[in-house]
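Using the sequences and the hints given, assemble the complete structure.
Chains as they are written, first to last, in my numbering: chain A, 1 to 292; chain B, 1001 to 1274; chain C, 2001 to 2293.
Hints in this document: simulated from the structure, not taken from any laboratory. One or more of the hints may lead you astray.
Cross-link-like lysine to any residue pairs, in silico, SDA-like; alpha carbons within 25 Å at most [to be verified]:
no., chain 1, residue 1, chain 2, residue 2
1, A, Lys248, B, Val1139
2, B, Lys1213, B, Leu1044
3, C, Lys2246, C, Pro2232
4, B, Lys1057, A, Ala226
5, B, Lys1057, A, Gly76
6, A, Lys232, B, Leu1044
7, B, Lys1057, A, Pro229
8, A, Lys248, A, Gly76
Examples of chain B residues lying across from chain A (beta carbon under 8 Å, computed) [stated by the list, open to error]:
no., residue
9, Gly1050
10, Trp1053
11, Trp1066
12, Val1139
13, Ser1222
14, Asn1235
Glycine included, each C-beta is placed from N, C-alpha and C at the ideal position.
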Amino acid sequence: MTFRGRLALVLGATLALTGCNLLPGGQVDIPNVVCVGEATTYLDWLNGDLQPDEQDPISQPASTSGDLLEQVRQAGVLRISTDQNYAPQSFLQPDGTFVGFDIDVGTRIAEGLGVDVEFTHVDWDLITAGNWAGRWDISVGSMTITTPRKEILSFTQPYYYTPAYLAASTRSGITSVDQVPFELPTGATATTLPTDANCIESIQAGRPEFDLLITSGTVIDGAVAAGQPIVKIGEPIYQENLSVAIDKSGPPHAALLYEIDRIIGEMHADGSLTQLSQEWFEGEDLTQVATP
Amino acid sequence: MARFSELTGPTVPAEPEVVTRIDAGQRRRRFWFRVQFVLVWVVLIGLLVGALWASDKIDPSFIGTWAPFILAGAGLTIIICAGSIVLATGLALVGAIARLSPNPIIYSVASLYVSIVRGTPLLVQIFFIYFALPQLGIVLPALPAGIIALGFNYGAYMTEIFRAGIQAVPRGQREAAEALAMPEGLVMRRIVMPQAIRIVVPAIGNEFIAMIKDSALVSTISVTELLWRASSVGNQNFRTLETLLIAALVYWLLTMVFSLFQERLERRMARSDR
Amino acid sequence: MTEPIVRVTDLHKYFGHLHVLRGVDLEVGRGEAVMIIGRSGSGKTTLLRCINFLAEPTLGAVEVDGLRVEADPLGRRGRQHRGEIRQIRLRAGMLFQEFNLFPHMSVLQNLIEAPVRVRGLARDEAVALAERYLAKVGLMDKRDEYPARLSGGQKQRTAIARALCMEPKVLMFDEPTSALDPELIGEVLNVMEDLAHEGTTMIVVTHEMHFAREAADRVVFMEEGQIVEQGPPERVLDDPQDARTKQFLRRFLEVGTVPGHEEQPGHVHKHEGDPGHRHAAGEPAAWDAQTPR
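Here's what the structure looks like:
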């Protein structure tokens, strides 16, 4: 064969191989991969070491001097960290403001403390890692209380509860758990993207690496309502207690923790949390402990 | 016909007609070249936009809703670049002189700065200033951290550019200034530096253009500039194609505008050198 | 005899191990026009550059207008030495083969820069001074031009005006016409000859024999770092005593007219393939690797 002939053959073969990989697959190989957000409890569940927990007992401290509560009152503003891409808890509006369930809860907490509120966008894994270096005061981000997290963060009582669900891409054709061709969680390989919302986006973009993901029920509902190609399958995997968190490595905050916990308790009692939940979660009230 | 070179005297004959025609022809060619250039760009870009439009994968109403928010990020991008440029230029001027200093301590400090900053990735430096410094007790808000990281980084590269520029100024310039009894400070400030700066304008202009693009990296520390907005909006609404196209377009326009300024500046300098 | 304006005493200059100036003694009296000739590498340019300390002598002393400065090759006297060098340079002006005008400044700005910033003159004073000297060299119409638009001859004349604005006691010319096209040499030589006739103290390193005969009071012949012979131009050029001088003049005097000047034998334009011109063109020659002061 001539040199040109060989070159053509190599180029053609390369193109063919590349093309074959790029063309949408006929189907139906479902990889045993499940997508979750980084540093989420969903990842813990897949890895088999989820340790859901309750908040430690909270008591009113003797004095508030030197407490973060005083700093916040003096600054006149409560700085709250958010994940900017977690609808419907916290997401961007075209005018640049953030709205969502978490946003509203955070705003009400600040009102309860008598200060303004300021939201800071931070990657989720930075929030859960602690060591906030004083860049923000509290996290109102639908954070699940877990034993490992309690070592570095202080938690209030939950302000709502959501179930964690499995979801599948519509192209996979799976509609119930028994249709999943591998054991969960043991037979599954976890793949992480920065947030669970990214997992949905990935499926929507047609990427073939996974067909399953785990996220909170509210996120799935929101995505389905927005027309994303996923379906919720099966029963909740587990219930999450979602609370406000404060960095333990920051300044002393027993008083702030107590105050916020008290405000949340009031919001439970006077129904405002229920109202917010129904507003954001399609009429559902997720602020009551789910009956199993 | 007498040879043109033999024609001297008070009456200079008019140029032969062919000279005018050659000149006109050249001008016509240049004009049409430019017309075709613009046409090709318009056609290619138009084809691309048209293909995207026709494929129905792009949602124009989405773009309309979110474009203002995303484009507003360009303002912050410009601010970041402006701040970094100022910082980088200041560092570079000092650094260049330090790198030319006979004082071993000054020289070594400057060389260490240049070596470390040029030897580590910009992204690592951004992360370091924002995430690692707090562990040492230095907590910087995102925007200043980004400007400092960019400014420090580009300062090192520009140090070497300025140093080369200073060394490129002909030695005779310095000698003439010294022969006029000018002290070192005056020599550097009035004679060498101004010429060095003119020499390095093209290189510095390129650095600024690179900086416009590198400013996108500060989106990683939550500075709500152009890329951060495009990325957030795109991810949130599952429409990253539209948002990233917008961002890319804006960066492209920014660098083009800057390139035009630079070209004009270079042309003006070349004119005064002729 | 009144005190000489310039007195060089036993000057030695080593570039590394190359002994370029080997004990030069020279005196230049007030109003004298001294011309230095010699092969490239003979040390004549180095001598000039040592007088205003653009090159630091290795041994010996330089005295200008009563101000005596000894060589400080090891930099022992540091700041004090820098100060005395600046004082010398205020008294001894220099012209370069490559003119070295400041390209980013107009002609006028070139001229007033040092008077204003070094001598502390007020701006209008300096401008008046500059215009006077510009008129003297015949370049008033180029006052606001930038050096790039000037011809070589105009550049050198501007440089002369610039040096004059500092009102030095002596002017030193380092091959001022060697970089000029032949038809431009004349205008510069004319200015130099006028200056000499007016009594300006000058030391000129050049190959232009015309200048020697027209304006020089003394011709100095250097070879291998030493002054071999010196005296009135008629004697040195027409009746040299030393064999080396004879040999140099014989080899050197090839006939070629200098257009626009006068019909005289003498200028050989870039004749020798000499390393000295490498230096003059602005590239560092081998011995120019000095540590910055």
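Structure-based check of each hint:
Among the hinted pairs, Lys248/A with Val1139/B is consistent with the structure: their alpha-carbon atoms are about 17 Å apart, no more than 25 Å. Distance check on the hinted pair: Lys1213/B and Leu1044/B sit about 23 Å apart at the alpha-carbon level, within 25 Å; holds. A C-alpha spacing of about 15 Å is found between Lys2246/C and Pro2232/C, which places the hinted pair at or below 25 Å, so the restraint holds. Taken as a hint, the Lys1057/B and Ala226/A pair is honoured in the structure, with Cα atoms around 16 Å apart against an allowance of 25 Å.
Of the supplied pair hints, the one linking Lys1057/B and Gly76/A is violated, its CA atoms being roughly 47 Å apart against a limit of 25 Å. A hinted pair counts as satisfied when its Cα atoms are at most 25 Å apart, and Lys232/A with Leu1044/B does not qualify at roughly 44 Å. Only pairs whose Cα atoms come within 25 Å are accepted, and Lys1057/B paired with Pro229/A is accepted, the gap being roughly 16 Å. Distance hint between Lys248/A and Gly76/A is fulfilled; the C-alpha atoms sit about 22 Å from each other, no more than 25 Å.
Taken as an interface hint, Gly1050/B does not check out: its beta carbon lies about 23 Å from the nearest beta carbon of chain A, beyond 8 Å. This hint is violated: Trp1053/B has a C-beta 20 Å from the nearest C-beta of chain A, more than the 8 Å allowed. Interface restraint check: Trp1066/B against chain A, minimum CB-CB distance 5 Å, threshold 8 Å, status holds. Satisfaction of the interface hint for Val1139/B is found here, the shortest Cβ-Cβ separation to chain A being roughly 5 Å, below the 8 Å cut-off.
The interface hint given for Ser1222/B holds, since its Cβ lies 5 Å from the closest Cβ of chain A, which is under the 8 Å cut-off. For the restraint placing Asn1235/B at the interface with chain A, the shortest Cβ-Cβ distance is roughly 5 Å, inside the 8 Å limit, so the hint holds.
Violated hints for the displayed structure, listed by number in ascending order: 5, 6, 9 and 10.
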